[in-house]
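Those protein sequence lines, which keep their order, are chains A and B. Numbering follows this note's numbering, in which position 24 of the first sequence is assigned residue number 24; successive positions increment by one, without gaps. Numbering follows this note's numbering, in which position 154 of the second sequence is assigned residue number 154; successive positions increment by one, without gaps.
Honestly, the hints are just simulated from the structure, not real lab data. The model shown is predicted, which means the values in this text are computed figures rather than measured ones. The beta-carbon is built from N, C-alpha and C at its ideal position, and this holds for glycine as well. Keep in mind that the hints are not guaranteed to be accurate.
Stated by the list, open to error - Taking beta-carbon pairs under 7 Å as the criterion, some of the chain A residues facing chain B (in silico): (1) S4; (2) Y32; (3) K50; (4) N52; (5) N54; (6) K93; (7) A94; (8) A115; (9) T118; (10) I128; (11) V134; (12) Y138.
What the hints assert, rightly or not - Below, computed lysine to aspartate or glutamate pairings styled on DMTMM-like, alpha-carbon distance capped at 20 Å: (13) A:K97 to B:E40; (14) A:K105 to B:E103; (15) B:K217 to A:E2; (16) B:K131 to B:E72; (17) B:K100 to A:D99.
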Amino acid sequence: MENSKKYLLLLTLLVSVFSIYNFTIYTSKSDYGTIHLSKKAINGENIWLKNNCNSCHQLYGLGGYLGPDLTNIYSTKGKGEVYIKAFIESGVKAMPKFDLSEKEKDDLVQFLKEADQTGYYPNIDANIKPNGWVSIKYKNQNYENK
Amino acid sequence: MKTNKYSFFFISVGLIALLLGLLCGLLAGFQYIIPDFIKEILPFTVLRPLHTLFVVSWILLGAIGGIYYYIENANQKLVKWHFGLFIITGIGISISYLSKNFEGKEYLEFPSYFYFPIALGWIIFGVNYFKTMLPNFKDWPVYYWMWATGIVFMIYHFTEAHLWILPYFRSNYIQNITMQWKAGGSYVGSWNMLVYGTSLFVMSKISNNESYAKSKKAFFFYLLGLTNLMFGWAHHIYIIPTAPWIRYFAYAISMTEWIVLISIIYDWKKSLSEQNKIDYSLAYKLMILADIWVFLNLFLALLLSIPSINLFTHGTHITVAHSMGTTIGINTLILLSSIAYILENENKFTFISEKRIRNGIKIFNLSFLFFWISMLIMGMKKAHWTFFKQSVSFSQFQDSLHWFYVVFVLFGLGILVGLYIIVFEFLKGIKKA
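Produce the complete structure using the sequences and hints provided.
In structure tokens form, the structure reads like this:
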């Protein structure tokens, strides 16, 4: 068999496994927890994207680092809705003021509230295993820590 | 130049995008030191996407221009359409960012309608590439496979990166964010296929030896790299509460890259005795520097792929050190080497020009090394704050890093100066071509 045909065969095998893998990732109903965003929270995510909040803030540590991570900002003691709205309205340091309507602010807060329900960041109570693995602490499902 | 002028257009615009990307990066860096600095005109929310847009454009345009130049017989009419589409789209996205018109997820913040011209440009590139190259498929060295794979997977993963818009994926935030980073990790892998293919092409031509590019070892590494492109993305989201199998699988796949690292060390040791015999050209010098950054970054990437280390480094500047190390340290040096090879091929460097470029390389490399180290230190400090000092507020923590940010920006300025010198000399060379 020619080398090019051998390589093509290997490539085809790899792509076949990849297709099954992708199908699983796209269609799984049990691998991502049970929290589904409400319509109001999806509108809030649109506000988040429209104002590019992610360029300074992170959710689950993903985003820019100029501002703090906001994954659990809603449920953190002493923070929550009023705190979030105050920062949007006044800005601080490098953060400009955002001229959002009351409804937009409510939607954005709802998005942060529902994102908060999906898990923890930072995952302070994660359990480090000797083989390098980390069992993370889940908020709504318990895959590993039973 | 007459027959392949669009290759040079791609490269020239790519080089200009690099200059703009560095400028936006530096301005964004200033906002870490002086928070009010131009924040009403060009806030960080605008500068960051502009910075990533220009740097990614540099990598893609630099790689595409080189590939069109190397494959020689591409249909120039299609190349012209491809170039036109990318330029108009790039200008459109820049205007969109400057007018604060955002819609997409991180790194692809532009309104979703820009998906269509970009995808069409890649499809045109693919059609042109396969039409030109397929007749010689049997004899393809590995770099032709890498370019072909890079184009096809870029179309696929760029499309995948927009699937979150569909209502089916929208409501489950965890699946949504997983899909975003799956696509993101893999389209970066796709452009790496284009860039690393370019590196193998240039090395084969410099050494005038095609044997490695046709060897079983080269194909083994190509398939290993492709496996990582497909399945190794989840180290970006170890901390996201998905089912463990998704993360276990990525952990196992990512660890196969140790084989690549060990091979690099082995080959590097073997080539040491021959180094003095080689007459260093600019292209060769840049490629050797890229090799050092491959080693440093692969080592860092492997450490970050171990979940117990990733737990602490995630969400810190250590991740940025890895991504900038890859885009600036590896991709930029390989692409500059490719352009140097093209211009040396066409004898477009004067003695003075070459001397200036060598000085630029020195300034760039030294500044980048310290820039990279400063990010690692800032990352370690953030990890320490995140896990052990949460009683200190974020604002107080940021203030405590002030002088680190000053150093970080100063070395950023050094990178800008070094690369500006190189790019200006390259642009002069292209003008003469």
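Going down the list of hints, with the structure as the test:
no., hint, verdict
1, S4, "5 Å, holds"
2, Y32, "4 Å, holds"
3, K50, "6 Å, holds"
4, N52, "4 Å, holds"
5, N54, "5 Å, holds"
6, K93, "4 Å, holds"
7, A94, "4 Å, holds"
8, A115, "6 Å, holds"
9, T118, "5 Å, holds"
10, I128, "5 Å, holds"
11, V134, "4 Å, holds"
12, Y138, "5 Å, holds"
13, A:K97 to B:E40, "9 Å, holds"
14, A:K105 to B:E103, "17 Å, holds"
15, B:K217 to A:E2, "16 Å, holds"
16, B:K131 to B:E72, "12 Å, holds"
17, B:K100 to A:D99, "13 Å, holds"
Every hint from the earlier list agrees with this structure, and none is contradicted.
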